[in-house]
Each structure stands twice: as C-alpha cells, then as structure tokens.
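This is what each chain is made of:
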Amino acid sequence: MMEQFGLLRFIPLIPLAGAALNILFGARLRPQFAGFLACGAVALSFLVSLAVFWLLPASGVFRDVLFIWIDSEPFKAQLSFQADALTAVMLLVITGIGLLIHVYSLGYMGDDEGMTRYFAYLNLFVFFMSLLVLADNLLLLFVGWEGVGLCSYLLIGFWYEDHTNTIAGNKAFIVNRIGDFGFLLGVLLLFWEMGRQGVWTLNFSELERAAHLLRPESVTLITLLFFAGATGKSAQIPLYVWLPDAMQGPTPVSALIHAATMVTAGVYMTARLHFLFSLAPATLAVIATIGALTAFFAATIAVAQNDIKRVLAYSTVSQLGYMFLAAGVGAFSAAIFHLFTHAFFKACLFLGSGSVIHALGGEQDMRKMGGLRRYLPTTYWTYLVAALVISGAPLTAGFFSKDQILWQAYASPNGSTQLWLLAWLTAGLTAFYMFRQLFMVFHGACRVAEPAKARLHESPAAMTVPLVLLALGSIFAGWLGTPDFMWGSVWDPWLQSVLGVQEAVDDAAPGGELFLMALTLGIAALGFLLAFLLYGRESRVAERIAATTIYRWLAHKYYVDEIYDCVFVRPFTACARWLAQIFDPGFIDGFVNGVASTIRAGSLSWRRIQSGDVQHYLFAFLAGTLLIFAYLLGR
Amino acid sequence: MIIDLGIIAAKVFLVLFMVLNLAGLLGWIERKGSALIQDRIGANRASVLGFAGLGLVNTLLADPIKFLTKEDFIPPQGDRLLHTLAPCLALFPALVTFAVIPFGDVLVVGERQINLQVANLNIGILYIFGMASLSVYGIVVGAWASNNKFSLLGGVRGAAQMISYEIAMGLSVIGVIMAYGTLELQQIARAQGELFWGWLPAWGFFLQPVAFLLFFTAAVAETKRTPFDLPEGESELVAGYHVEYSGGKFLMFFVGEFAEIVTAAGLITTLFFGGWQLPYLMRDGFHFPWGGALLLPHLAVVVLQVGAFTIKVLFFCWLQILLRWSLPRFRYDQLMRLGWKMMLPVALVNVVVTAVWIVLRQQLSVKP
Amino acid sequence: MAPLNYYLVLSAIIFAIGVAGVVIRRNFIVILLSIELMLNAVNLTFIAFARYLGSMEGQVIVFFVMTVAAAEAVVGLAIIISIFRHRRSLDPREMQLLKW
Amino acid sequence: MSGDMILFFILASLSVIFSLLVIFPRNVVHSAMALAATLFFVAVLFLTLDAPMLAILQVLVYAGAIMILFLFVIMLLNPAALEGRRIAWWTLGSLAAVALLLELVSLFFYRPSPSGQPPVAAAFGGPETLAQSLFTDFALPFEIASVLLLVAIIGAVALAKREG
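Residue numbers (numbering that gives the first Met the number 0), protein chains in the order written: chain A, 0 to 634; chain B, 0 to 367; chain C, 0 to 99; chain D, 0 to 163.
Rather than coming from a laboratory, the hints here were simulated on the basis of the structure.
Ideal Cβ placement from N, Cα and C applies to all residues, glycine included.
A couple of the hints might just be wrong.
Stated by the list, open to error - Not the full set, but computed from the structure, chain D residues with beta-carbon under 10 Å of chain C:
#1 Phe7
#2 Leu19
#3 Ala31
#4 Met52
#5 Arg85
#6 Gly92
#7 Ala96
#8 Leu101
#9 Ala121
#10 Ile152
#11 Ala155
As the list claims (entries may be wrong) - Subject to a maximum C-alpha distance of 25 Å in a straight line, what follows is the list of computed BS3-like cross-link-like pairs (lysine-lysine):
#12 B:Lys69 to B:Lys148
#13 B:Lys148 to D:Lys160
#14 A:Lys452 to A:Lys367
#15 D:Lys160 to B:Lys65
#16 B:Lys31 to B:Lys69
#17 B:Lys31 to B:Lys65
What the hints assert, rightly or not - These stretches of chain D come out as covered by chain C in the derived footprint (C-beta under 8 Å, 3 or more residues):
#18 10-16
#19 34-48
#20 57-71
#21 123-132
Just need the whole structure built from these sequences, with the hints factored in.
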C-alpha cells in the first residue's frame with residue numbers, strides 16, 4: 000500500500016537548506032544565530048518525522064517522488080523517498096537524537112570559532128542520514144551512505160589545525176572506502192544479476208518482489224559484499240579500527256555520528272535488505288559470527304582503556320557487534336530494537352563524557368579525573384543511569400533489547416550456544432568496563448590538576464537538559480519491546496510489515512528465556528562487583544593488574560593497528576614509492592620522451608613547410624579539396 | 000491588364016509626387032517655422048519678376064533654380080564614382096519606403112477595388128526596415144568619398160548613430176506587431192478602426208504608448224535632425240558628411256532628409272495614430288458611440304480617409320520641425336548612452352510586457 | 000521559372016569567385032568580404048533547394064547561416080582592428096608568427 | 000524565353016559582375032560597395048525563389064548591418080598602403096578557383112536536374128512559416144544561435160577594446 004506523502008521531502012531538505020544557509024551566509028551571521036538556525040532546521044525536520052510516524056498506517060508506505068533521476072531504458076531510478084515503519088523509527092532516532100545533540104552543541108561549542116562551519120556540517124549530516132534512510136532505491140541510499148561518510152570525515156577533522164585530527168579523519172575516510180568499495184561491488188553485482196533475470200531495478204520494493212529469482216550462490220556473494228560495506232560503516236572486524244580514532248572530533252559529533260546514527264547505517268542497511276540476507280544462510284552465519292566476535296573483542300579492549308571517550312568508542316563497537324549478531328541470527332527486529340535503545344543510552348553516555356571534558360577544559364584521561372560527582376551532579380546521575388542501562392539493569396531499555404538478542408542468539412534456528420556464550424561474556428565485560436569508568440571518573444579522590452579544579456562547574460542547561468531527556472529515554476525506550484511473559488512487545492508487530500514475521504523460536508518455553516535472563520543478570524552483576532572491587536575504592540590491585548602482560552595487550556588494542564600497518568600500509572607505500580621513484584621516471588618517462596625525441600628529429604626537416612602564411616595553407620586546402628572532388632567525379 | 004498597370008503607375012506617381020512636394024514644402028515650412036520660433040521674419044527674399052509677396056510659391060520656385068545652377072564640385076582627391084553615387088543612395092530609400100504605407104482604405108470604382116497603397120507586402124514593416132537600413136550607405140559613402148576629415152567623422156558618427164537607433168526602433172515596433180499580430184501595414188491600419196469600451200479608438204498609441212515614445216525618438220534620430228544632428232553638427236564638423244557637396248547633389252541629400260521626415264511621419268501615423276482612420280468613421284459613414292449615425296457616400300468616406308491621413312502626417316512633420324528648433328543638441332556619448340542603455344532596455348521590457356499582456360489576454364479571453 | 004541547375008551554377012560561380020578572392024588577395028578585409036561572398040553563394044544554393052524540394056528546412060538553415068555570418072563578421076573585424084593596431088597593416092603575410 | 004528567365008539572367012549576370020568587382024578593385028571601399036550590391040541582387044534572387052522573408056533579412060542584416068560594419072571599420076582604419084600583386088600567385092589562385100568551378104558544375108550535371116518548380120503554398124517563405132519552423136523544430140538551434148550572437152558581441156568588445 001503506497002501513498003503519496005508530499006511532506007516527506009522536507010525531512011532531508013530542511014537541514015540541507017540550513018546547511019546551505021550556514022555555508023553561504025555563515026560568515027556574516029552571528030555564530031549564535033547559526034546555531035539556532037541549525038537547531039531550528041532539525042527541529043522542523045523532527046516535527047515532520049513525528050508527523051510521518053503518527054500518520055503512517057500500520058503496514059503502509061509513504062512515498063514522495065521528486066523527479067526521475069536516471070532514465071535509461073530499461074533501467075529507471077527516481078529521486079524519491081519512501082517511509083515505512085523501519086524508516087519512521089530511524090527518522091525519529093536521527094532527527095530526535097539529532098535535535099537533542101544540536102541543542103547540546105549550542106552549549107558545548109558555544110565559544111568555538113568554527114561554530115557556523117560546525118553547524119553547517121552537522122545539518123549536512125542530518126540531511127545525508129535522512130536521505131540514507133528515506134531512499135527507496137540502492138543508488139540513492141548509496142548517495143546518503145557516502146554523504147554521511149563525508150560528514151564524518153569533515154567532523155572528525157573539524158579542528159584541523161591539530162594534525163592528529165586530520166590523520167584520524169583520513170583514517171576513517173580511507174577505511175570506510177574499503178568497505179564502500181565492497182558495498183558498491185555488491186550493488187553492481189546485484190544490478191547485474193537482477194538484470195540477467197530480466198529485472199533492471201535497484202528499487203527496494205521491486206527487488207524484494209524479484210529476490211527469489213536470484214541464484215543462491217550469487218545471493219551469498221552479494222550479501223557478503225554488502226556486509227563488507229557494513230563492516231566499514233558500522234565498525235566491525237576487521238574494519239573497526241577507524242572508530243576509536245574518530246573520537247578526535249567534537250564530543251557531540253561522537254555522540255551523534257559515531258554512536259547513535261551513522262555507525263548504525265550498516266545495521267539499517269542489513270535490515271532494509273533483509274529479504275536478500277534471509278536468502279543467504281551462509282552470510283547470516285558470517286554476520287552472526289563476526290558480530291559476536293566483534294562484541295566480545297571490542298569489550299575486552301574497552302576494559303583497559305584510559306581515555307574516557309575511547310572506552311565509549313570500543314563500547315560502541317561492541318554494541319554494534321550485538322546488533323549484527325542479532326541480524327545474523329535472523330532477528331532483524333531485535334537488531335533494530337537494540338539500535339533504537341542504544342541510540343539513547345550511548346548518546347547519553349557520550350554527551351555525559353562531553354560534559355565532563357567540557358568541565359575539565361579538554362582533559363580526557365580518566366586517570367586524571369575522579370570524584371567528579373560532587374561537582375557535576377546532573378552529569379553524574381544521568382551517566383549513572385545510562386551506565387546501568389547499558390549494563391542491562393533490570394527493566395531498563397538495555398536490559399530488554401540485549402536480552403532479546405541473547406535469547407535469539409541462543410534459541411533462534413540460526414543461533415547457537417557458542418554465539419550466546421560470547422554475547423553473554425560480553426554482557427559481563429560491558430558491566431565491568433562501564434562501572435570501571437564510572438568509578439574512575441566520578442568516584443574516589445579527585446585527581447584533577449589544580450588550575451582546572453578551580454574552574455570545575457556543572458555544564459549549562461543547553462547541555463544538561465538533553466542529558467536528562469536522554470537518560471529518561473534510556474530507561475523507558477525499552478518498554479516498547481518487553482518479552483512475552485511481561486506485556487509483550489509492541490515493537491515487533493510494528494516492524495513486522497517491513498521485516499516480516501519473526502521465525503518462531505521452537506522448542507523453547509518462556510522459562511528458557513527467563514533462565515537466560517537470570518544468567519545475564521548474574522554475569523552483569525559480577526562485572527559490576529569486580530569493577531567496584533578493583534576501582535570503586537582505594538586499592539592497589541588496579542595498578543598490579545595494569546602491570547600484567549595481558550593488560551598491556553589490551554591497552555594496546557591487541558596491536559591491531561600496528562599489524563595493519565605492517566601488513567597493509569607499509570608494503571603499499573613501499574610499492575607506491577617504487578612506482579613513483581623508479582618505474583615512472585625510468586620506464587614511462589623514458590618511453591614518452593623517446594617517442595617525442597624521435598618525432599622531433601623527424602619533424603626538423605619537415606617543419607619548413609609551415610610557412611606561417613595563412614593563404615598558403617588555404618591554397619593547400621583548396622588543392623586538397625580539388626583532388627577529392629576529382630576523385631569523386633572520376634569514380 | 001493595362002488598366003491595372005495604369006492604376007499602379009498612378010498610385011506610384013501620386014505618392015512620389017506627394018512626398019517630393021511635401022519635402023519641398025517642408026523646406027519652406029522649416030524656414031518659416033524657425034523664424035516663427037526665433038521671432039524673426041524668415042525666408043522672404045525670393046522674388047519672381049520683382050514680386051516677393053507669395054513667399055511659398057516664390058521659394059519653391061527659387062530654391063531649385065538656385066541649387067541646380069550652382070557648381071557641382073568634386074574634391075580632387077575624392078572618389079568621383081562614389082561621390083556621385085552617394086546622394087542617390089541617400090534619396091532612394093527615403094522614396095521607396097513610402098510604397099508600403101497605406102494612405103486610405105479600399106476605393107471601389109465600379110467592379111474594381113483599388114487598395115490605396117502602392118504595394119501591399121505581407122512583410123511591410125520589415126520592408127521598411129530593410130530599406131531604412133540601406134539609407135546609411137548614402138551617408139557613409141558620401142562621407143568617405145569626399146576625402147575630408149570632417150565629413151569622414153560625420154559619416155562615422157552617422158553610421159554608428161543610425162545602426163544604434165535602428166535597433167531600438169525595430170524592437171519598439173515589435174511590440175506593435177505583436178499587439179496587432181501582423182506585419183502588413185494595411186491590416187494594422189484597419190485593426191485600429193476598432194473601439195475600446197465602445198468609444199476609444201484602438202490606436203497604437205493607446206495600445207503601445209511606450210513603443211510610440213521609443214519609435215518617435217528613434218525616428219527623429221534616424222533622420223539625423225536636432226537633437227540628434229551629431230553627424231552634421233555645424234559647430235563641430237562644419238556640415239558633417241555633406242560638407243563637400245554642393246548644387247544638385249546637395250539638393251538630393253536635402254530632399255532625402257525631408258522625405259525621411261515625411262516617411263517617419265507616415266509611419267508614426269500608420270502604426271500609432273490609426274493611419275487613415277478617422278474616429279467613428281466606418282465604411283459607410285460615421286457611427287457615433289453615443290448613438291446616431293451620419294451615412295456618407297463611398298467617395299466621401301475615401302476622401303475623408305485620405306484627408307485624415309494627410310493631416311496626421313502633416314501634423315507629425317510639423318512636430319518634428321518644432322522639435323528641431325526647440326531642443327539643444329546631445330553630446331555624442333549622451334546620444335549613445337540614450338540609445339543603448341535607455342531605449343534598448345526599455346524596448347526589450349516593452350516587448351516582454353506586451354507578450355505577457357497577450358498571453359494574459361488569451362488566458363482570460365477578454366477583449367481587448 | 001529557371002531550373003534548379005541554373006541557380007546551382009550561379010552559386011558555384013559566385014562561390015568560386017569568393018574562393019579566388021580569399022586565396023589571391025593580400026588584404027584581410029577583402030578576404031573577409033570574399034568569405035561573405037562564399038557564404039552567400041551557399042545560401043543561394045540552400046534557398047534554391049528549399050524551393051525545389053518545397054521544404055522550409057533550407058530557408059531555416061540560411062537563417063542560421065546569416066546568424067553565424069554576423070557573428071563571424073563581428074569577431075573577424077574585431078580581430079582585424081586589433082591586428083591593425085599592432086602592425087599598421089592588413090597584409091596577412093605580415094602575420095607569420097605561428098610557424099615552425 | 001519567358002519573363003522569369005530574362006529576370007533570372009539579368010540578376011545572375013549582375014551578381015556575377017559585382018562579385019568579380021568585389022575581388023578585383025584595389026580600393027577596399029569599392030570592394031565593399033560591390034559586395035553590398037551583390038548581396039542586394041542575391042536578395043532579389045531569393046525573392047524569385049519564394050523566400051521573401053529571407054530576402055528582407057538579407058537586405059536588413061547583410062546589406063544593412065554587416066556591410067555597414069565593414070565600411071565603418073574600413074573608415075576607422077583607413078588603410079593607406081596598397082598591396083602588391085604578383086602575377087604568378089594571381090594566376091595560380093585564379094586557376095585553382097576556375098578548376099573548382101568546373102568541378103562543381105560537372106558535379107551538378109552529374110545527374111539530371113529536376114526541371115520546373117513544384118507548387119508551394121502561398122505562405123511558403125513568409126514570416127509565419129519561417130517562424131513556425133524556427134520555434135518548433137529548430138527551437139534549440141535558435142536559442143543556441145542567440146547565445147552565439149551574445150558570445151560574438153562579448154568577444155568583439157574584448158578583442159577591439161584598447162588595453163589599459
């Protein structure tokens with residue numbers, strides 16, 4: 000059931016207009032005004048999204064066709080938007096969380112010189128992200144996909160005077176390129192394979208109708224390529240390395256782009272194309288395995304980080320792993336549900352860390368914090384709530400969404416005990432590193448250096464209000480999808496129209512789910528306890544742990560960056576250097592110059608014919624014409 | 000066949016006779032008019048057999064005699080051929096242009112319908128522009144052939160001025176063409192016999208007032224008379240492009256200029272002031288908007304039409320003479336600025352506005 | 000009515016005269032004039048064919064040829080003016096910098 | 000011989016004579032005037048071919064504007080020095096032109112020529128029919144032509160403007 004809905008176009012276009020205004024006229028506006036402009040644009044966008052969400056019929060789709068983009072028979076791509084249940088949810092996350100973070104940025108970036116530029120980028124990001132989720136075909140989705148990557152790059156390197164920031168931006172961009180290359184190959188292959196079946200289309204609904212025509216092995220290859228793109232954008236093994244470095248950008252950016260929205264684009268894409276992934280069990284197995292491994296692997300690294308934002312970055316990688324685990328076992332709805340709840344609590348955590356950093360004047364090392372709860376009460380309480388939620392405290396959003404994933408990992412037809420075990424261990428690690436961080440930052444003795452300590456203050460209302468709203472959301476967002484033995488889920492039926500009916504989990508009584516829940520709660524509690532014992536009070540155990548080899552491995556992130564450097568980067572630069580310094584000047588230039596000098600030698604004698612008199616040329620031209628005519632006549 | 004040829008010959012003769020005589024007449028009117036404006040007596044010295052009383056007749060007789068008996072001088076370094084050709088080139092377009100201007104509606108004599116117009120071309124206006132564009136040759140060639148730096152300067156000025164104002168002139172007429180939807184002057188004249196709201200004659204002046212102002216200005220500039228007499232500019236260039244001309248050749252330039260005045264007046268009349276139309280005069284007599292009619296015989300109607308046309312033409316001739324003796328001369332840069340930066344844009348805007356008006360009228364299907 | 004070939008031969012003659020003018024005259028302005036002559040010969044051909052084929056396309060082409068000729072004359076004369084300003088001459092043989 | 004043919008031959012011989020007068024005189028003004036006359040006669044030839052609109056345009060645009068521009072430039076430059084004439088070069092060029100003429104003519108008589116003109120509508124070649132073609136089938140070239148003219152104006156101004 001398709002319905003034309005003209006308002007749809009305004010969701011991306013209003014932020015685009017905001018960005019354009021800020022870019023074009025930003026230099027002449029007061030910086031504050033630029034911020035308000037950007038916030039207003041996103042607020043309008045959010046209102047429209049709310050309207051879409053409100054008006055969207057149960058299993059309906061809104062469409063808004065702007066114009067025909069590519070018209071090359073038999074292929075036709077329209078620049079058109081569509082909104083179904085899945086898109087509506089994503090839009091609410093993007094514009095809603097985006098709005099809160101825009102407001103937060105007003106406070107956080109209040110005294111930055113590049114404010115107009117910042118807000119222009121941020122608005123541009125909202126534009127591309129909403130384009131990504133509103134796209135009704137893969138090409139348009141790819142435009143959004145690349146656009147958000149661009150905005151991410153721009154914002155990571157936002158403070159470009161510092162070289163490490165631009166390096167981090169480059170890293171994010173290049174690593175993403177690798178994934179995007181896979182994604183693009185996937186699109187082309189899908190296009191080609193569909194075309195071979197006589198269906199030249201990239202439109203989602205048409206693809207869905209024609210998906211059964213594809214051969215199984217090509218579906219597997221296509222979905223694997225798509226997943227390669229997802230690993231880049233959503234920071235999964237092996238392409239997760241850019242996300243921790245992306246924390247060089249402003250903290251609200253980390254919250255919006257590198258936690259709540261952009262990095263979930265891979266999950267969204269997987270869900271959007273679930274009809275393809277469902278046809279490829281092998282790919283699903285790969286996704287589930289990589290998701291679980293990433294979740295666990297990133298969580299172990301997070302345990303040993305001392306930078307407040309890096310902990311959160313690895314936590315994000317780990318949570319994204321959860322989402323892919325869910326997608327991999329076929330529980331797309333659970334994946335999107337976790338995406339939804341994660342957006343709340345991770346944004347809240349990032350913004351809380353931003354508040355801390357703001358208060359400390361840019362300090363990010365947790366070892367130089369401590370005891371901040373006295374100075375930053377609001378931040379502390381919201382941070383505590385969010386930490387509880389992410390650790391899976393009962394009846395909070397994280398609790399419900401994570402348990403759903405764990406349950407599906409264990410009990411769904413595609414799941415297995417091993418996957419569940421990894422995810423279960425990750426749950427414990429999550430609780431551990433979150434509370435390790437909480438204790439290091441807010442509890443214990445204050446280790447802040449003296450001049451900064453004097454200036455400690457709670458952040459302005461523009462920052463705390465979003466924090467409180469997000470904390471509340473973290474608690475209550477999960478109540479949309481409670482297990483069946485409570486009041487059941489409103490979430491799954493809502494998404495059913497898009498994602499199809501979840502395969503019934505067989506041979507499992509509600510008791511099984513309850514039992515698994517208890518196990519998870521147990522290990523989370525264990526993690527909390529361990530964190531309290533090691534970091535929650537004065538103790539020397541932490542230092543001793545810090546001296547161990549395994550801790551050093553973890554702190555250095557298993558040396559993955561260094562391995563990548565050795566295996567990929569260095570040989571590549573060496574090869575490039577050889578080409579540039581030996582092959583190009585010697586061989587290519589030699590060849591070209593040789594040809595040139597040969598011709599030059601030959602032309603020395605012939606060039607006299609060029610007298611420079613235009614009428615000589617004309618005469619020659621005339622003579623040639625006469626000869627050609629004569630030939631034609633004589634034939 | 001013979002009668003047809005005869006009618007054509009008669010029309011050609013009539014028009015040429017009228018135009019040339021009117022041109023000669025204007026020479027006298029100009030002198031008298033200038034005297035009137037400058038509060039002096041003016042041309043009163045010509046006397047035939049000692050009798051000076053009939054100024055007009057005496058001058059009309061004396062002037063040609065004076066001109067034709069003067070020495071026909073060709074500058075020694077000048078180009079004999081072109082120097083002789085130039086006056087002809089100047090006079091020719093002025094005379095042939097009048098061929099497409101209608102001076103009356105159809106005259107019915109027995110079975111025969113005589114269109115009171117020398118040649119009814121379906122591209123009449125374009126024909127006029129084509130011929131008018133040729134009138135530049137006379138000036139340019141004459142100026143160059145005289146081998147005189149004053150005349151050359153005058154010729155260069157004249158060529159630039161005429162080309163510049165031709166553009167504004169052409170563009171201003173496009174509005175009129177669009178309004179009436181035809182290039183035929185007879186049809187344009189006929190269309191102006193209609194009435195707006197039952198009482199206002201549908202003259203071009205009311206439809207296209209801006210075009211009228213532009214056209215009138217450009218027409219005065221085309222005739223190279225004050226305030227646009229830069230090519231002649233006595234105080235700067237002695238007499239401009241015809242400084243080296245005398246006698247009969249000068250007379251041809253002179254008459255050519257007055258013939259251009261007459262043609263311009265005829266065009267203005269035809270395009271903007273109803274041509275031969277007399278308000279409320281239909282084919283069979285007057286029909287007044289307030290009711291009542293005055294039926295007239297056909298011949299009387301035609302005479303009235305031709306008379307109306309003649310009077311209108313005379314009025315505009317007089318207006319041009321009045322202008323000449325009332326206004327000071329432009330500076331050359333002012334002249335160019337007026338032509339290119341004022342009249343051309345205004346004419347373009349007028350065309351666009353007219354187009355919009357026509358479309359709106361079609362959309363709303365309201366008359367007019 | 001004159002047959003088509005008469006017009007074609009006439010335009011061929013005019014065209015050949017134009018070609019001769021372009022080749023033999025050592026004066027930029029005359030060269031340009033001769034080019035106009037050639038263009039006119041071609042226009043005549045187009046119009047003759049338009050008449051004999053009863054189709055307007057030929058006339059439309061002539062319209063565009065006139066446009067191009069106007070543009071060409073304007074730009075050509077501007078070039079001549081700027082050349083003359085530098086060289087005080089209209090002889091094409093004086094302009095021989097572009098050689099070897 | 001009908002009146003049409005007489006008219007054609009008169010016009011044709013006049014155009015050829017004046018064409019020759021374009022390329023022979025030493026005086027550039029004479030050349031230009033001869034060209035103007037040629038253009039005028041060709042315009043009349045257009046009339047005999049039922050192209051009244053283009054005939055008028057020929058007079059208006061070619062004779063009335065382009066040729067005046069030529070004369071204007073000639074007067075502005077007033078070139079004094081007359082060119083030298085080398086017999087060999089003139090002979091060579093003229094022979095080539097004559098050869099071209101012969102080849103063209105033999106090309107025309109390669110196939111038999113259609114005799115007589117097909118009847119055409121009364122409005123053929125008039126402003127309406129020309130405009131009909133221009134604004135429908137040739138609308139794009141028409142617009143491009145206007146751009147071309149604009150470019151030519153700008154180019155001419157840029158070229159002829161004095162530096163500094």
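Quick check on Leu19 of chain D please, does its C-beta sit within 10 Å of some C-beta on chain C?
holds, 6 Å
Is the interface hint for Gly92 of chain D satisfied, with its Cβ closer than 10 Å to some Cβ of chain C?
holds, 4 Å
Tell me if chain C covers the stretch 34-48 of chain D under the three-residue, 8 Å CB rule, please?
holds (count 8)
Minimum Cβ distance from Phe7 of chain D to chain C below 10 Å?
holds, 4 Å
Agreement of hint Ala96 of chain D with chain C interface, Cβ distance less than 10 Å:
holds, 4 Å
So, as I understand it, the hint says Arg85 of chain D touches chain C; can you test that by seeing if any CB pair is closer than 10 Å?
holds, 9 Å
Within a Cα-Cα threshold of 25 Å, do Lys160 of chain D and Lys65 of chain B meet the stated pairing?
violated, 48 Å
With a cut-off of 25 Å on the C-alpha distance, tell me whether Lys148 of chain B and Lys160 of chain D pass.
Holds - the C-alpha atoms of Lys160 of chain D and Lys148 of chain B are around 23 Å apart, at most 25 Å.
Let me know if the C-beta of Met52 of chain D comes in closer than 10 Å to any C-beta of chain C, holds or violated.
holds, 8 Å
When the nearest CB of chain C is found for Ala121 of chain D, is that gap smaller than 10 Å?
Violated: closest Cβ of chain C sits about 13 Å from Ala121 of chain D, beyond 10 Å.
Supplied contact hint for Leu101 of chain D, tested at 10 Å Cβ to chain C:
Nearest chain C Cβ about 9 Å off; hint holds.
State whether the coverage of the stretch 57-71 of chain D by chain C holds or is violated, taking the criterion as 3 or more residues with Cβ-Cβ distances under 8 Å.
As far as the stretch 57-71 of chain D goes, the hint holds, because 7 residues have Cβ atoms under 8 Å from chain C.
Figure legend: structure checked against the earlier numbered hints; hints not met, in rising order: 9 and 15.
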